[in-house]
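Position chain U relative to chain R; hints supplied.
Protein chains in written order, with the working numbering: chain R, 1 to 307; chain U, 1 to 307.
Calculated directly from the structure, the hints in this document are not laboratory data.
There's no promise every hint is true.
Identical copies carry no separate label here, and so any pair may be met within one copy or between two of them.
[Unchecked claim] Heads up, simulated DMTMM-like pairs for lysine to aspartate or glutamate below, C-alpha to C-alpha not over 25 Å straight-line:
#1 Lys-41 x Glu-301
#2 Lys-74 x Glu-102
#3 Lys-192 x Glu-301
#4 Lys-156 x Asp-171
There are 2 protein chains.
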Amino acid sequence: MSVLVVGSVALDSVETPFGEREDVLGGSATYFSASASLLTKVAVVGVVGEDFPLHQLQFLERRGVDLAGLERVKGKTFRWKGRYGFDLNQAQTLETHLNVFESFDPKLSPAACAAERLFLGNIDPELQLRVLDQVARPRLVCADTMNYWIGSKRQKLLELLPRVDVLMVNDGEVRQLAGESNVLRAAAAAQKMGARAVVVKRGEYGALLAVPGETFYAPAFPLHDVVDPTGAGDSFAGGFLGLLDRLDDGGPGALRQAVVMGSTIASFTVEQFSLDRLRDLSLAQVRQRFAEFRSLTHFEELPGHVA
Amino acid sequence: MSVLVVGSVALDSVETPFGEREDVLGGSATYFSASASLLTKVAVVGVVGEDFPLHQLQFLERRGVDLAGLERVKGKTFRWKGRYGFDLNQAQTLETHLNVFESFDPKLSPAACAAERLFLGNIDPELQLRVLDQVARPRLVCADTMNYWIGSKRQKLLELLPRVDVLMVNDGEVRQLAGESNVLRAAAAAQKMGARAVVVKRGEYGALLAVPGETFYAPAFPLHDVVDPTGAGDSFAGGFLGLLDRLDDGGPGALRQAVVMGSTIASFTVEQFSLDRLRDLSLAQVRQRFAEFRSLTHFEELPGHVA
Numbered sequence: 001m002s003v004l005v006v007g008s009v010a011l012d013s014v015e016t017p018f019g020e021r022e023d024v025l026g027g028s029a030t031y032f033s034a035s036a037s038l039l040t041k042v043a044v045v046g047v048v049g050e051d052f053p054l055h056q057l058q059f060l061e062r063r064g065v066d067l068a069g070l071e072r073v074k075g076k077t078f079r080w081k082g083r084y085g086f087d088l089n090q091a092q093t094l095e096t097h098l099n100v101f102e103s104f105d106p107k108l109s110p111a112a113c114a115a116e117r118l119f120l121g122n123i124d125p126e127l128q129l130r131v132l133d134q135v136a137r138p139r140l141v142c143a144d145t146m147n148y149w150i151g152s153k154r155q156k157l158l159e160l161l162p163r164v165d166v167l168m169v170n171d172g173e174v175r176q177l178a179g180e181s182n183v184l185r186a187a188a189a190a191q192k193m194g195a196r197a198v199v200v201k202r203g204e205y206g207a208l209l210a211v212p213g214e215t216f217y218a219p220a221f222p223l224h225d226v227v228d229p230t231g232a233g234d235s236f237a238g239g240f241l242g243l244l245d246r247l248d249d250g251g252p253g254a255l256r257q258a259v260v261m262g263s264t265i266a267s268f269t270v271e272q273f274s275l276d277r278l279r280d281l282s283l284a285q286v287r288q289r290f291a292e293f294r295s296l297t298h299f300e301e302l303p304g305h306v307a
Numbered sequence: 001m002s003v004l005v006v007g008s009v010a011l012d013s014v015e016t017p018f019g020e021r022e023d024v025l026g027g028s029a030t031y032f033s034a035s036a037s038l039l040t041k042v043a044v045v046g047v048v049g050e051d052f053p054l055h056q057l058q059f060l061e062r063r064g065v066d067l068a069g070l071e072r073v074k075g076k077t078f079r080w081k082g083r084y085g086f087d088l089n090q091a092q093t094l095e096t097h098l099n100v101f102e103s104f105d106p107k108l109s110p111a112a113c114a115a116e117r118l119f120l121g122n123i124d125p126e127l128q129l130r131v132l133d134q135v136a137r138p139r140l141v142c143a144d145t146m147n148y149w150i151g152s153k154r155q156k157l158l159e160l161l162p163r164v165d166v167l168m169v170n171d172g173e174v175r176q177l178a179g180e181s182n183v184l185r186a187a188a189a190a191q192k193m194g195a196r197a198v199v200v201k202r203g204e205y206g207a208l209l210a211v212p213g214e215t216f217y218a219p220a221f222p223l224h225d226v227v228d229p230t231g232a233g234d235s236f237a238g239g240f241l242g243l244l245d246r247l248d249d250g251g252p253g254a255l256r257q258a259v260v261m262g263s264t265i266a267s268f269t270v271e272q273f274s275l276d277r278l279r280d281l282s283l284a285q286v287r288q289r290f291a292e293f294r295s296l297t298h299f300e301e302l303p304g305h306v307a
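For reference, chain R alone in the conformation it holds in the complex:
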């Protein structure tokens, strides 16, 4: 079993009501691989600039993440700067500098081409397609996207969707993609466009999974302290795909467990800035919170006399 992720490895500057950090570790591939590597073997495809502090990725290598596909090229690393108010569901992007990502042309190693499960992080759909074309026989493809691509690269996205098993987007993105304000209807529309399943991430309100014939909803794990929501979505994706890979199963039951695993790991991510909480997180801690998640949502059937 193995998971391949293509996405950004970045330096983030973040401001939340609980503090601020400058040029700290971030990026979709980073959060994804830190999460997924708790559960399975992960390889990263991406690019950083000469200014990138590579030693900050040592904890990933210790967790077995294959960073051979992370190119280091001339120029500056991708940077994102954002701010959150007390409504932690909505980031305000202050700056985005693609830098070395602008001319990124992913070329996969033979090992990477053999990956069984693939996460196409939120990058240009053209790049997503170029990566997908190189993977020989993926058993499960999961893709993220964002408002910018839905608006500017819609055709490429529509080309991608029929090749995607799980489209993973937030409320606003699925609404924009479908041109429909009701989230259930929007997810159904995305399925008509070709995605076999759709996961709608709803921030602190949880996540909805739509697969043919059924719907599943997991709330977000209620937390006493949320410090920085950055990376929650990619951590979710990492837990989701990491579990499916570990289970080697893409059936409806496994997908439900994978949504909960995604929510579980994301709930750790937001407890601290950057990847600080993920760095030393253990699978035992994850497993315990997964069990608490069951207790959080479990209820019995009604007894017979309520009929």
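Showing chain U alone in chain R's frame:
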């Protein structure tokens, strides 16, 4: 078993993106009793004016609701006028006319005083206390309130809370009551003020139950069509207390089922304007959606090898 509700019986004028209605049936006691009466015996304490179209309550009588405690007095019925945008979670109140409610002094009949479970709808905490004082030996007391009372009648509310088993409020209300933005912490603070359990209603995002030592979260039932959210909270309360009364149980397991029952019935309410969907709703339909709710949120434990 029996439930007593004190609250408003009103005429509402509502505008949503999906239409508008003028002077239609509304009020907390109305929604509550329409919902709870699907599950148990309900009696209403309230007041209407001479202008109130009493025949509109006939469906409640057919369902066995005891309306003997609904006074009809000189003057005009309580009226509320509100508007919802596409974000159906937030009503904008345009007008509130207390009318006959202004001088309402509830006097309970001997039968009403013997009620086992009590719902104190969102009215002046002084009135809530005056009703509670008259009920001889309530086994479970559930109370709603709102920002207006939290601000203007805080002392009376603090007097009420230690006598309340379940405080049922929304996000904003529990935050205001506790002076704390984190919902979990705010619920814990409300418990310190005396409420044994707290249910935080979060609109389309579900409901959180905090009881000593455990937390339960039920998402809202995902719907393809939400037409008018008015009355969702009181329908929730009706399903919640109605089920507890029918089960004759206030333990943690029953409280969880009651939250889901509340969400289930509220999910019908919002599918049409006013009480239109509740009028002909059957317990069989409710039971079926409750079962769908289980399928919506159920997931298996992780297998042993994910450890």
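Regarding Lys-74 and Glu-102, is the shortest C-alpha distance of 25 Å or less found within a copy, between copies, in both, or in neither? Answer is within: at 12 Å inside a copy they meet the 25 Å cutoff, but 75 Å across does not.
Indicate which option fits the pair Lys-156, Asp-171 if close means a Cα-Cα distance not exceeding 25 Å: within, between, both or neither. This pair counts as within: shortest intra-copy Cα distance 21 Å, inter-copy 41 Å.
Check Lys-41 against Glu-301 for me: Cα-Cα at most 25 Å, and say if that holds within a copy, between copies, both or neither. Only across copies: Lys-41 and Glu-301 sit 22 Å apart there, 39 Å inside one copy, limit 25 Å.
For Lys-192 vs Glu-301, is the C-alpha pair at or below 25 Å within one copy, between two copies, both, or neither? So Lys-192 and Glu-301 fail the 25 Å test inside a copy (33 Å) and across (31 Å) alike.
Hint check: a violation occurs at hint 3 only; the rest are consistent with the structure.
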